[in-house]
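*Asks:* Residue strings, one per chain:
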Amino acid sequence: MKMFGSKSVSSYLFYVFRFASLCSFILLLFILLSFLFGNYEVQGGRFTIPFPWFSFFDIKGVYKTSIMTSITLILIYMGGFLYSLSMILKSFKSAVLFNAAAIRHLKILAIINLLVFPIVYLSLRLVILNISIMNGIHNLILSLIFGVFLLFVAAIFKRGLKVQNENDLTI
Amino acid sequence: MGIVVNLDVMLAKRKMKSKELAETIGITEANLSILKSGKAKAIRFSTLEAICKELECQPGDLLEYSE
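Going line by line, the protein sequences match chains A and B. Residues in the first sequence are numbered consecutively from 1, following the numbering used here. Residues in the second sequence are numbered consecutively from 172, following the numbering used here.
None of these hints come from the bench; they were simulated from the model. Even glycine gets a Cβ: it sits at the ideal position worked out from N, Cα and C.
Away from chain B, derived, C-beta distances all over 12 Å, residues of chain A:
1. Leu22
2. Tyr83
3. Ile131
4. Ser132
5. Arg159
Subject to a maximum C-alpha distance of 20 Å in a straight line, what follows is the list of computed EDC-like cross-link-like pairs (lysine to aspartate or glutamate):
6. B:Lys184 / B:Glu225
7. B:Lys210 / A:Glu166
8. B:Lys212 / A:Glu166
9. B:Lys210 / B:Asp179
10. B:Lys184 / B:Glu194
11. B:Lys207 / A:Asp168
12. B:Lys184 / B:Glu220
13. B:Lys212 / A:Asp168
14. B:Lys210 / A:Asp168
15. B:Lys207 / A:Glu166
With the hints as constraints, model all of the structure from the sequences given.
*Replies:* Written out as structure tokens, the structure is:
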């Protein structure tokens, strides 16, 4: 199975993650516009946003500002994370694997995992929802481990790029 | 300065064009240009041997160390 280059696993995964990222942003836009234009019902302290064509996809939740803010934040984070992941896979599609774009996108994803996720997680738990950070702390730990791992992968790619450049300049 | 490539000098001495040398030793003109300009990071023994054979010179005639 071909992992890199055109018509490879990375190429197909690029489309999957890019589509998922777009879906995340579209869903966020749909929810925000629904709230803005009153396309929702409130019953017993819970809101329901009817999903077009598929009623079993109706969006439901507790009708509180904190819940709506958390949904917005999570969808923005998810969209950004998936978009960043798709950018890495896009750089893996190119003929030359070790390239500056791959290193840049790996670093961006590492920053998302090391900085953005902890900020989103802690602000959601401590400020917006006001609940304990311990319930679901494994997500934070996994994100930090993934971020550090990505930094190592970025460093390996940087070394690979250097070796490749030297090889290209060997006559 | 480090290692200086005197390929230009040798080509002028032998009254040979870069294109001609590149075709004879089987490398691209672009790579020969990289070698002449000193941008190359390394040179293969096989390439050096081919250049020396074609220009009838020693490796020392092509490469020089300068501080």
